[in-house]
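If you're matching them up, the sequences are chains F and L in order.
Heads up: the first sequence at position 259 corresponds to 258 in numbering that gives the first Met the number 0, and the numbers run straight through without jumps.
Heads up: the second sequence at position 461 corresponds to 460 in numbering that gives the first Met the number 0, and the numbers run straight through without jumps.
The set of hints was computed from the structure by calculation and includes no laboratory data.
It is possible that some hints are incorrect.
Claimed, not checked - Listing some non-contacts, in silico: residues in chain L with all C-beta distances to chain F over 10 Å:
no.	residue
1	Arg122
2	Leu300
3	Arg347
4	Gly405
Claimed, not checked - Dumping the calculated EDC-like pairs for lysine to aspartate or glutamate here, alpha-carbon to alpha-carbon at most 20 Å:
no.	chain 1	residue 1	chain 2	residue 2
5	F	Lys189	L	Asp254
6	L	Lys172	L	Asp189
7	F	Lys189	F	Glu314
8	F	Lys189	L	Asp304
9	L	Lys172	F	Glu237
10	L	Lys439	L	Asp452
11	F	Lys189	L	Glu411
12	L	Lys439	L	Glu411
13	F	Lys189	F	Glu71
14	F	Lys189	F	Glu231
15	L	Lys439	L	Asp400
16	L	Lys439	L	Glu408
What the hints assert, rightly or not - Here are the simulated distance ranges between beta carbons:
no.	chain 1	residue 1	chain 2	residue 2	range
17	F	Ala265	L	Leu132	27 to 33 Å
18	L	Arg112	F	Asp144	44 to 50 Å
19	F	Arg244	L	Ala332	28 to 34 Å
20	F	Ala202	L	Glu311	31 to 37 Å
21	L	Asp79	F	Gly355	40 to 46 Å
22	L	Pro476	F	Arg338	50 to 56 Å
23	F	Thr191	L	Leu132	35 to 41 Å
Model, not experiment: these values are computed from the prediction.
Glycine included, each C-beta is placed from N, C-alpha and C at the ideal position.
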Amino acid sequence: MAPVTGGARDAVAGVAAAEVVAPSTAGEVAEVLRSTRGSVVPVGAGTKTGWAAPPSSCDLLLRTSGLDRIVEHVPGDLIAVAEAGVPLNALQRRLAEHGQMLALDPPEEGATLGGIVGANASGPRRLRYGTVRDLLIGVRVVLADGTDARAGGKVVKNVAGYDLGKLYTGAHGALGVVVSTVWRLHPLPKATGAVVVPVADGAQAGRLAALVARSTLTPTAVELRFHDGARELVLLFESIEASVRAQSAEAVRLLGGGERASAPPAWFGRRPEGPLVLRLAYAPAALPHILAALPGGACGTASACTGVAYAAVPEETDLAALRAAIAPYDGSAVLVASREPRDAADHWGPTADSFGLMTRVKDQFDPARRLSPGRLLGGL
Amino acid sequence: MSRHLVRESATAPEEAAPRALLLAQRLRGRIGADKVLTDPAQLRTYECDGLATFRVRPAVVVLAGHRDDVVETVRMCAADGVPFVARGSGTGLSGGAMPVADGVLIVLSRLRRIVSVDPDNARVEAEPGVINLWVTREAAPYGQAYAPDPSSQQVCSIGGNVAENAGGAHCLKYGFTVNHVTGAEVVLPDGGVVHLGGTAPEHPGLDLLGAFVGSEGTLGIATRVTVRTIQAPEAVRTMLVGFRTVADAAGTVSDIIAAGILPAAVEMMDALAIEAAEAAVSCGYPEGAVAVLVIELDGPLAEVDEQFRQVETIADARGAFETRIAEDDAERALMWRGRKSAFAAVGRISPAYYVQDGVIPRTRLPEVLTEIGRLADAADVRVANVFHAGDGNLHPLILFDDTVPGAAEVAEELGFAILDLCVDLGGSITGEHGVGVEKKSRMARQFTSADLDTMQLVRCAFDPAGLANPGKLFPTPRLCGERPGVRTGADTHDPALGEVF
């Protein structure tokens with residue numbers, strides 16, 4: 000597994016890699032880290048490299064796509080073990096043979112499990128099933144010095160030791176290279192139905208979302224699309240047939256209208272595209288305020304009852320002003336796509352009082368700051 | 000709870016901890032004399048938590064009346080290098096809140112204010128001493144509830160729940176404390192205050208909150224906690240099913256999961272646990288049952304109705320000889336009373352007992368029960384089994400006579416043998432009670448030294464001096480910092496042995 004010189008496409012967020020390696024076992028990952036010095040940026044399929052700030056350097060791009068084994072699926076225990084380079088869709092195909100799924104639905108085509116963990120990617124169904132932090136029950140990581148360490152395990156209920164999976168989730172490889180993952184699974188729902196409701200403005204979207212949130216309906220997703228003034232709210236029901244039917248009817252009654260459909264519209268679950276795309280997180284009920292704070296021409300989707308939205312905004316958007324406007328709602332805005340590379344402050348926004356602690360965690364795990372340097376909040 | 004096997008601190012605190020006593024004097028001036036206890040008679044109350052077999056008298060107890068009392072106390076401890084332990088309601092079963100002999104025990108049970116109830120955002124913000132059930136009580140008028148429901152929910156505190164990542168019967172469907180905490184204000188072991196998470200579902204940067212929840216008090220003290228509430232379900236249906244064999248009951252659980260049904264809870268009790276529950280609370284469980292399941296489904300009415308019928312069919316096919324369905328809340332409460340009182344109930348059929356908490360892959364349930372039976376017979380000890388069967392979380396209740404010399408040790412050995420069995424089958428040494436002081440020696444059975452050293456990195460980031468709840472969770476001391484041989488304080492001695500200079 001000799002390193003090869005990086006080509007044109009071997010770049011991370013606009014920073015070219017000097018060399019590229021593609022190890023195929025955890026042992027090889029450890030060997031790479033032990034036998035090299037300098038900066039290392041781990042990448043899966045590379046579908047979300049724009050989700051973190053550009054690295055301050057990339058001596059070695061470490062592709063995890065060679066770690067591609069589905070190690071174990073125990074249907075009776077509703078768990079699966081798969082290496083970091085396994086594409087989510089490949090795992091889903093395998094699980095579906097037994098009527099099960101990993102309840103994560105980030106839309107990036109070809110995304111790997113390791114990349115999804117590193118970027119903490121989620122999709123609309125987070126409303127029902129949560130995100131990586133709720134489903135990842137075990138993890139194996141190679142640290143900057145080559146140490147091979149596990150945390151968690153293969154059982155869902157487990158409080159032995161620190162839950163390091165939470166720390167690695169969303170760390171973009173800056174604490175270690177995730178090499179294998181263990182997941183809690185769910186049964187595939189037997190039936191699907193959607194209710195689509197046109198929405199006049201942000202205030203109405205907020206009212207309707209609140210009605211759903213405060214009802215006993217159990218949609219797996221409630222997605223709002225906003226674009227050029229047009230707005231549409233979709234409720235997705237996934238359960239047994241009788242429940243989907245009854246809940247869809249109740250949703251139409253509750254919301255005072257809406258079209259029932261057998262599947263959600265084509266835009267459902269897609270990320271907005273453009274030269275500057277943001278992920279916003281905020282107190283869930285603040286949805287109307289968040290929409291109002293977005294600049295003219297913004298379009299995107301909001302997971303309406305959870306407090307997360309994705310918005311394509313004009314490239315000249317004043318990010319500092321936007322962040323200040325949504326701060327009262329515990330709001331944050333992080334870039335997920337940018338035509339021009341931005342520095343960490345622009346990418347992530349301001350740091351909070353926990354940043355000193357974050358720095359200490361990074362320095363414990365990676366004292367030489369060689370893993371994904373500069374990619375995290377505050378340029379860590 | 001068993002009364003023997005008590006490991007007391009060898010040294011009296013007034014001799015052992017002059018540093019802590021000097022600190023107590025200064026603390027009285029800062030936060031008020033009435034909040035700082037050093038009288039041995041008063042300290043005795045705080046010698047142990049729910050794991051009464053481990054007792055250490057702390058040098059000082061601080062009854063925090065305000066968040067700032069916690070900050071002041073931790074700052075002073077940090078300045079003087081005095082270890083401290085946080086305590087909520089003291090119901091923990093692994094000794095997580097066992098004091099340190101030369102240290103300060105910071106009692107949080109007076110911090111019991113509900114800060115805010117925000118049904119629109121489905122959040123409740125509470126101080127750490129707030130009782131778990133109060134959160135649901137506060138949310139109930141808005142049709143909401145707090146999902147984690149440990150059996151001790153009428154007395155255990157939110158701060159303790161966060162420290163232990165508390166579970167409960169309904170975490171099969173709804174997850175654990177960590178899945179429901181969105182924010183916390185934390186006093187770090189150096190006395191600094193940070194805010195992790197918040198009201199929003201995510202925040203830029205590392206998920207320090209995720210690492211903090213379940214860290215058993217070793218990373219700092221939460222002084223405010225924001226939790227997510229859930230909408231109370233439209234329908235809840237509960238059944239109690241009696242079986243003639245444990246294998247039939249376990250098979251029913253597997254069949255329910257295989258049918259793609261995710262119940263809110265699936266609980267199991269074996270014959271001895273049933274006998275105890277009957278003796279204690281007369282819950283009227285099916286006569287002659289070798290195992291019972293309590294199965295609860297919740298959600299939209301149409302879904303619950305259909306799946307409930309399916310579960311009945313599945314249980315019948317596995318030879319259920321009696322199925323009772325709760326017709327109202329009172330009947331449901333009775334079904335749950337037998338289960339939730341099981342621990343205490345065992346006191347009716349045995350002079351003393353010892354509770355363990357292990358996890359196995361659910362599919363291994365029948366073989367684990369057979370093996371536990373074999374181990375129990377070999378040790379000539381009776382074991383009553385109570386499980387969260389849906390997620391493979393075992394609570395073997397090991398019965399012994401505390402008037403017989405050595406019986407407690409035999410019980411403890413059997414408990415550890417059961418934990419080893421859990422690890423060998425791919426499970427865990429704890430599903431919800433935590434590692435604490437009781438099971439730290441077992442951590443090395445479940446994790447490699449590389450795994451444990453990696454966890455210690457987090458400890459060293461949060462608490463380089465090792466002052467927060469030392470001697471818990473980790474099996475062996477480890478020093479923070481890179482110079483070997485230089486003592487920086489983390490876990491350098493067993494706190495139960497008193498102060499070491």
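Quiz item: Tell me, which hint numbers fail for this structure?
Solution: 1, 2, 6, 7, 11, 13, 14, 15, 17, 20 and 21
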